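Visitor: Below are the chains, spelled out letter by letter.
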Amino acid sequence: MLDEIVLNETLKEEPTEIQLKDLNQLIVQLRKLRRKYNDELHKKEIEIYEELAESLFELRISKLVEGKEIKGFDSDFLQVLNLMKIIYTNFLSGKYFNLEDKILCYVNVKFSMKNKTLHPGDLILLPLRQVLALITLNYITPLEVE
Amino acid sequence: MENFLKEPNKEELRELTSKILAKEWTCIKASFKPEDLIFSFLTFKYGKVNAISFSSDDCEIQLIKNNSGKFISIEGKHYYLGLNSFVSIFPLSIDDILPIISGITVSTIIERRNYSDFEIDILNDLIKLGVILEENLKIPNYKSLPLFFSLMLSFDPYIPDITGNRENSIKMLKEINIQETDKLEDIDETKLNSLIYKIISSELKINPKFSREQIITKRAYYLEYDSLELAFALIYFLDVKGNGDLFQFVISPNYAETLIYKFREELSKGFYIKDVSETANYYVVESNLKSPTLIQLILLQSGKIKRNKPVAIKNEEGIFTSRLQIPSLKEGLVKIEYNG
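Protein chains in written order, with the UniProt record's numbering: chain A, 1 to 146; chain B, 1 to 340.
Hint data in this document are derived by calculation from the structure and do not stem from the laboratory.
Some clues are possibly wrong.
Unchecked claim - Computed cross-link-like contacts, DSBU-like style, restricted to lysine-lysine with a CA-CA straight-line distance of at most 35 Å: (1) 102/A <-> 174/B; (2) 304/B <-> 116/A; (3) 138/B <-> 102/A; (4) 48/B <-> 10/B; (5) 198/B <-> 95/A.
Unchecked claim - Sample of chain A residues with no beta-carbon within 10 Å of chain B, all distances over it, derived: (6) 14; (7) 21; (8) 24; (9) 25; (10) 34.
Quantities reported herein were computed from a predicted structural model and do not represent experimental measurements.
Glycine is no exception: its CB is placed at the ideal position from the N, C-alpha and C atoms.
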């Protein structure tokens with residue numbers, strides 16, 4: 001099943017719409033396999049599926065990076081990469097206010113950091129990796145040069 | 001608790017900054033005011049603070065201003081600053097001259113006061129790092145700008161019929177034989193005295209208590225930058241755009257060039273301030289000047305408003321105020337609903 005999806009994704013220029021229901025059965029089987037057996041043959045089988053999953057991921061990413069719209073169970077998940085691309089581009093093209101690798105951001109929702117509560121409208125200076133994590137949760141918004 | 005008994009001395013205040021910079025803190029609580037923000041961003045730059053809260057009492061460092069003066073609280077212990085600006089206690093280094101002198105100046109503008117003795121002391125210390133301190137006309141950047149433009153940009157003191165008005169500014173100077181391209185240094189003492197007389201006469205119409213001391217004051221310059229012009233630019237962009245420009249200016253002070261360029265560009269055509277009406281919550285002012293705080297500064301001097309209410313600007317696009325005027329989660333100009 002997974003090999004067919006990978007083949008299909010390779011042959012088509014546009015991203016295919018992958019439904020999780022098409023993969024659920026396989027995921028369940030592979031989980032059982034991992035739990036049940038510990039011999040070399042089964043390990044090899046799982047390894048092949050891991051490689052197929054990795055290939056699918058790389059194919060989907062390459063299409064996303066080209067600006068194509070991803071549909072299916074992984075669309076929200078892969079949007080994080082889009083977000084990563086936006087942050088990276090904005091950072092390097094001077095759209096953010098920064099101090100070295102840290103970016104100045106607004107706080108959007110109340111959250112705690114090191115036992116201190118920050119409120120909407122507060123300001124926080126964060127390294128790139130934390131910016132990505134907290135933007136994904138909609139906790140912060142980087143200030144932009146207008 | 002607070003020590004009301006004695007004015008703090010320079011060494012005590014410097015130690016205070018060292019305390020802040022030495023340790024890792026989570027956040028600093030401040031007001032949304034230019035000098036608080038400049039101080040906070042300096043702690044970002046040199047210390048280990050990485051957040052500013054405008055409402056959280058959790059922060060280990062707090063910048064406090066009340067009727068008794070200013071205090072810095074560190075883990076609950078209050079240190080008294082008198083009326084001195086927060087920025088004035090920062091260690092002096094060549095990299096931070098512009099944020100420090102503009103931070104001190106912006107504090108005096110917002111608080112409607114003169115430099116304190118302590119601040120003058122600091123400015124004197126900065127002379128050996130290249131700051132020029134002189135007694136001269138309190139108009140923005142008279143060293144670089146033609147006089148008519150300097151007068152046009154004079155928000156404090158506000159010069160009736162001249163501030164914001166290019167034509168009137170040129171016309172007034174021509175009346176005393178000063179050319180459009182002349183800078184302050186190009187005119188002789190007779191013309192200078194005539195100019196001062198004209199300004200004071202104009203001021204007396206709106207403020208009978210206006211004196212020569214309000215137009216001839218201590219002026220601080222560094223390189224081609226004037227702390228007064230920079231202070232106006234910082235207020236303007238904090239009002240109109242928000243925190244970003246102020247932050248970048250503190251982190252890399254050569255950003256001042258961009259700010260001054262944009263400030264002059266946006267104000268070079270002049271501006272008007274027309275009707276002022278008072279509502280339950282705002283003074284609503286018809287104007288094409290985008291900064292509610294600079295408008296407030298003008299109207300306070302002309303006696304048309306009191307400090308008790310925020311200023312909102314009415315233009316073709318609607319009615320706007322800013323985070324410097326009202327508590328707001330948004331920065332830059334904030335559109336408000338108004339039923340006038």
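Visitor: Below or equal to 35 Å on CA atoms is what counts here, so check residue 48/B against residue 10/B.
Guide: Given pair residue 48/B, residue 10/B holds - Cα atoms ~23 Å apart, limit 35 Å.
Visitor: Please verify that the nearest CB of chain B lies beyond 10 Å from residue 25/A's CB.
Guide: holds (48 Å)
Visitor: Would you check whether the claim that residue 14/A is not at the interface survives, using Cβ distances to chain B and the 10 Å cut-off?
Guide: Fine: 39 Å to the nearest Cβ keeps residue 14/A off the interface.
Visitor: Is the Cβ of residue 24/A more than 10 Å away from each Cβ in chain B?
Guide: holds (43 Å)
Visitor: Just to be careful, I want the Cα atoms of residue 304/B and residue 116/A compared with a cutoff of 35 Å; is the pair within it?
Guide: Violated, at about 43 Å.
Visitor: Just checking, residue 34/A versus chain B, shortest CB gap more than 10 Å?
Guide: holds (42 Å)
Visitor: Can you confirm whether the C-alpha distance between residue 102/A and residue 174/B stays at or below 35 Å?
Guide: Between residue 102/A and residue 174/B the Cα gap is close to 52 Å, so the pair fails against 35 Å, i.e. violated.
Visitor: Check whether the Cα positions of residue 198/B and residue 95/A lie no farther apart than 35 Å.
Guide: violated (46 Å)
Visitor: Does the alpha-carbon distance linking residue 138/B and residue 102/A stay inside the 35 Å limit?
Guide: violated (38 Å)
Visitor: Can we trust that residue 21/A is non-interface, i.e. its beta-carbon lies farther than 10 Å from all of chain B?
Guide: holds (42 Å)
Comparing the model with each numbered hint stated earlier shows that hints 1, 2, 3 and 5 do not hold.
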